[in-house]
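Sequence lines, in order, name chains Y and P.
For the record, in the first sequence the residue sitting at position 385 is 385 according to our numbering, with numbers rising by one throughout.
For the record, in the second sequence the residue sitting at position 83 is 83 according to our numbering, with numbers rising by one throughout.
Worth flagging that the hints you see were computed from the coordinates, not collected in a lab.
Please read these numbers as outputs of a predicted model, since none were measured by experiment.
Don't take each hint at face value.
[Stated by the list, open to error] Ranges between beta-carbon positions, derived for each pair:
(1) P/265 - Y/370: 35 to 43 Å
(2) P/260 - Y/92: 58 to 66 Å
(3) Y/339 - P/134: 55 to 63 Å
(4) P/25 - Y/236: 26 to 34 Å
(5) P/43 - Y/137: 24 to 32 Å
(6) P/85 - Y/370: 24 to 32 Å
Even glycine gets a Cβ: it sits at the ideal position worked out from N, Cα and C.
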Amino acid sequence: MTTVIDHTKSNATPPSLYEGRKQIYPKLAHGKFRMIKWVVMAVTLGIYYALPWIRWNRGEGIPDQAVLADFEGEKFYFFWFEIWPQELYYLAGLLIIGALGLFLVTSLFGRAWCGYTCPQTVWTDLYIWVERAFEGDRAARMRLDAQPWSFNKAWRKLGKHLIWLVIAFWTGGAFVLYWHDAPTVAKGWFTGEAPLTAYFFAGILTFTTYFLAGWMREQVCTYMCPWPRIQGALTDENALNVTYRFDRGEPRGPHRKNESWEGRGDCIDCKQCVQVCPMGIDIRDGAQLECIHCALCIDACDDIMKKIGRPTGLIAYDTDIAVAERAAGRKPTYKIFRVRTMLYATLMLIIAAMVGFGYFNKSTFEVNVLKDRSPPFVRLSSGDIRNGYTLKLVNKASGRRHVAVEIDGLDGASLQMVGLETEENGTVELDLGAHRVERFRMLVTRTPEGTAPRVNYTVIVRDTETGEAEDAAAVFVQGEN
Amino acid sequence: MKGNLEMSETDKEVDALSGVETTGHSWDGIKELNNPLPRWWLYIWYGTIFWAILYMIAMPALPSLPGMGSRNTPGVLGMSDRDAVAESVASLHAERSAASAQLLDASLQDIQNNLDLQQFAMAMGESAFGDNCATCHGSGGRGAKGYPMLADDVWLWDGTLDGIEQTIRHGIRHEEDPDTRFSAMPAFGRDGLLTSAQIDDLVQYVLSVSGHEANAAAVARGDELFLTNCASCHGMDAEGSRDVGAPNLTDADWLYGSNPEDIRATITNARNSHMPAWQGRLDDATIKALAVYVHSLGGGE
Numbered sequence: 001m002t003t004v005i006d007h008t009k010s011n012a013t014p015p016s017l018y019e020g021r022k023q024i025y026p027k028l029a030h031g032k033f034r035m036i037k038w039v040v041m042a043v044t045l046g047i048y049y050a051l052p053w054i055r056w057n058r059g060e061g062i063p064d065q066a067v068l069a070d071f072e073g074e075k076f077y078f079f080w081f082e083i084w085p086q087e088l089y090y091l092a093g094l095l096i097i098g099a100l101g102l103f104l105v106t107s108l109f110g111r112a113w114c115g116y117t118c119p120q121t122v123w124t125d126l127y128i129w130v131e132r133a134f135e136g137d138r139a140a141r142m143r144l145d146a147q148p149w150s151f152n153k154a155w156r157k158l159g160k161h162l163i164w165l166v167i168a169f170w171t172g173g174a175f176v177l178y179w180h181d182a183p184t185v186a187k188g189w190f191t192g193e194a195p196l197t198a199y200f201f202a203g204i205l206t207f208t209t210y211f212l213a214g215w216m217r218e219q220v221c222t223y224m225c226p227w228p229r230i231q232g233a234l235t236d237e238n239a240l241n242v243t244y245r246f247d248r249g250e251p252r253g254p255h256r257k258n259e260s261w262e263g264r265g266d267c268i269d270c271k272q273c274v275q276v277c278p279m280g281i282d283i284r285d286g287a288q289l290e291c292i293h294c295a296l297c298i299d300a301c302d303d304i305m306k307k308i309g310r311p312t313g314l315i316a317y318d319t320d321i322a323v324a325e326r327a328a329g330r331k332p333t334y335k336i337f338r339v340r341t342m343l344y345a346t347l348m349l350i351i352a353a354m355v356g357f358g359y360f361n362k363s364t365f366e367v368n369v370l371k372d373r374s375p376p377f378v379r380l381s382s383g384d385i386r387n388g389y390t391l392k393l394v395n396k397a398s399g400r401r402h403v404a405v406e407i408d409g410l411d412g413a414s415l416q417m418v419g420l421e422t423e424e425n426g427t428v429e430l431d432l433g434a435h436r437v438e439r440f441r442m443l444v445t446r447t448p449e450g451t452a453p454r455v456n457y458t459v460i461v462r463d464t465e466t467g468e469a470e471d472a473a474a475v476f477v478q479g480e481n
Numbered sequence: 001m002k003g004n005l006e007m008s009e010t011d012k013e014v015d016a017l018s019g020v021e022t023t024g025h026s027w028d029g030i031k032e033l034n035n036p037l038p039r040w041w042l043y044i045w046y047g048t049i050f051w052a053i054l055y056m057i058a059m060p061a062l063p064s065l066p067g068m069g070s071r072n073t074p075g076v077l078g079m080s081d082r083d084a085v086a087e088s089v090a091s092l093h094a095e096r097s098a099a100s101a102q103l104l105d106a107s108l109q110d111i112q113n114n115l116d117l118q119q120f121a122m123a124m125g126e127s128a129f130g131d132n133c134a135t136c137h138g139s140g141g142r143g144a145k146g147y148p149m150l151a152d153d154v155w156l157w158d159g160t161l162d163g164i165e166q167t168i169r170h171g172i173r174h175e176e177d178p179d180t181r182f183s184a185m186p187a188f189g190r191d192g193l194l195t196s197a198q199i200d201d202l203v204q205y206v207l208s209v210s211g212h213e214a215n216a217a218a219v220a221r222g223d224e225l226f227l228t229n230c231a232s233c234h235g236m237d238a239e240g241s242r243d244v245g246a247p248n249l250t251d252a253d254w255l256y257g258s259n260p261e262d263i264r265a266t267i268t269n270a271r272n273s274h275m276p277a278w279q280g281r282l283d284d285a286t287i288k289a290l291a292v293y294v295h296s297l298g299g300g301e
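Here chain Y stands alone, though its shape is the one from the complex (with noise of 0.2 Å):
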C-alpha cells in the first residue's frame, strides 16, 4: 500500500485543533462512468419513490401494496411473498446474503457499493445536479461564492435550496409510504389524517436527507460512516480498484505540443481528476480513506489523454499487484476467482438455497406447542398424571379452517381442551378464522407408564376438508428427573 510519492511538508504554525469544512466544487465529468453512474442514480431513486404505489392484489381483506411493512397487521409483503414476525429468519438470511455480496463486490470491486449506489452518493449525486443546474458548474460556482450578495447569487441559491428541500420531502415522503396503504396515507397527509408516525419520520428523513446531501456529503462518508474502515479490511491486493497507475505516469509534469514523451509520465499534471472528485481528493496520492471508488477521476483523466493523444487507463480500475508487477516490468496478471471470492459465492448460494427451501416449503399452517413449564406436571387424587400445554394455531391462509387436534405415541393418554368437546374417537374439532394466530389451553391426562420421567409424543392437527396436516414435537412429563 505504500506509495513512492513523498509527501513531506514542513509544519511550522501549530495546527488547529478544529478544522472547518473546505467547500468541494467537483466539476462535471463525462464518459463511461459518468454515464453508469447517472443510470444507477435513475434506476435506484425511480424504484425507491415508485415501488410503495405498486398494487399488487392478495385477496379480500389483504393489503393490495406490493411492498409494504404493515406493522399494524403484523405482516412484510413483498409482491408474492407474505412474511410473519415468527418467519423475521426470512429477513436475516436476506440480510446475510446482502452482507456476503457487499463482500463479494469488495473483494472483487473494491468499493463499489459507495461509489454507485450507496444513497449518500446518490442523493448527494442528484444534490450536485441540482446544484449545478442553478450555480452552474465548478468555476462557475467558485465565482458565485466568492462574490459579495446581489440578486442573482440569492435567486440562484434560493432556488436551488427550494428544490434541495422539494426533494428533501419527496424523499422522506416516499420512505413513510413503505409503512402504510399508500394512497391512503398521501390523501390523508395533507388533511391532516396521517398518522403521527407518518409525520415524524418524513421529517426526520427530508432533514436528514437536506442536511447530508446538501451540506455534509463527503463528510458522512469520511467522519460518520463506518464502512469505510470495514471495507478496508474487505479489499485487498487482487481487488479492482480505482488506482492512479503511478507506472506509467510519472514522473509527472506539465507538456507542450510536440515535445517527446520519452523519459517521463504520462501524467501532465492537468488536476483534472482532482477537480472532478466528490470528495476533494488526489486519486494521486494512492489508496485514501476518503476515496469511494466513484470512478470520476476515470473519466476526467481518460478525457484528457484522448486530447494529448496517449492511451488512456492512466487512472483505472487495478490491482495493486497488477500495477506492482507491471511497475517489475511483468505482465500483469488478475485473478478472479480467488479463494476469498469462490467462498464469498458459495455461501451465498448455500443461504440463499436454504432461505429458498424453507420458504417454497413452508405451511400456510403451523402448530406449536408450548408446555406448561410450572407446574411441570400435575398428579390427580387419582393417581393419574396431567400436563398443561398452549396450543398455538396459525393459519395463514385466507379462508377459515376447520380442524382436529389428535395426540400420537402417547398410549392411553386423554386430550381435553378448555371450552371445547373431546370427540369420541378422543379429537377435538375446532374452527380457525382466515389469517390469525389463536391459542388453546390443552390438557394430557393419562396414567404413569414405565420410569422414564419425560416421554415425548406428537401433536396432529388435520384440516377436516383438505386433509392437510402438520404436526408439533411435545413432552409428557410424568416425574421429576
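Once you've looked at the hints, dock chain P against the given chain Y.
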C-alpha cells in the same frame, strides 16, 4: 501504513509520510495521527451542552435544592412519569373496556365456551394471576406447603367456575367479609382438648386412612378418637367435606405434609390458613377473568 517518526523543532513527533503530528501514544508500534477534528463536530458538542441546559429547564431535573426538601425541580413543561403511567393505565383500561364489558355481561361458562372471550380472559387472567396470586399459589398455580395447588383436581371448597369466583371475591377466613368462606379447626393439643398420647394415636389413624403404614394398636385407639373429635367435619370415612373446607384425608394430596410430624403439628395447633378477599381490590372483569384462568389450569370442575 508504516510511518517513520522524527522529532520536529517543536519537540513534537511528526509522521514523515503524512506530515501530520502524532498523539505520541504507541499501540503495538502504531502511532495515531493527531488530525484536527472537524469543526461541525465541535458545534454538535456545543449543541448538546445547550440542549442539556434547555432540558434541565424544561424537564424535572435538579434534586434536593435548598428549600425543596427531597423533591426535584419540576421543569416548566410539567412532565411527570407518575402522571404518564396513570395516563397509560387509564388508556389501557379504556382500550380494554369493550372486551371487559363483554366479560361483565357474559356468564363464566359463556366466557369459557366463546373462544374469543376465552382467549381475552385467559390473557387478562394470566397477568392478574402473576401480579396478585402467584406470590402464594406459585406460577401456574403450582402451590406450596400451606398454599393449595390450583392445577390438580383436589379442591378444599369448590372447583366450579362459580365456586372459584366466590373464593376469589370473598376470600377464605377473611373475617372483614361476611360472605367469606369460613371454618375453624380447633387446636386440639394447644387448647388441651386432647392429650399428647391421644394425638399420637390420631396421627397413626390418619396415616392409616391414607394408605400409609401405621401402628395397628394405635390405629384402633385412634378410630374412636376420630369419630368423636374429627368426623363432624372430615366425615365418618375421613373423605372431608367441602361445605366446611375440611380436606379429604384419604387421598394422596397433603397441603401441610404427610409425615407424622407434620400431621401431629396440624392436630396440635390447627392450620386455618387465610386468603384475602379480592372484591374491591380487583375490578369485576379481572375477577371473572381470574376465575376462568384458574379453572383452566386443569382442576376446573
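Item to check | Contradicted hints - numbers only | outcome: none
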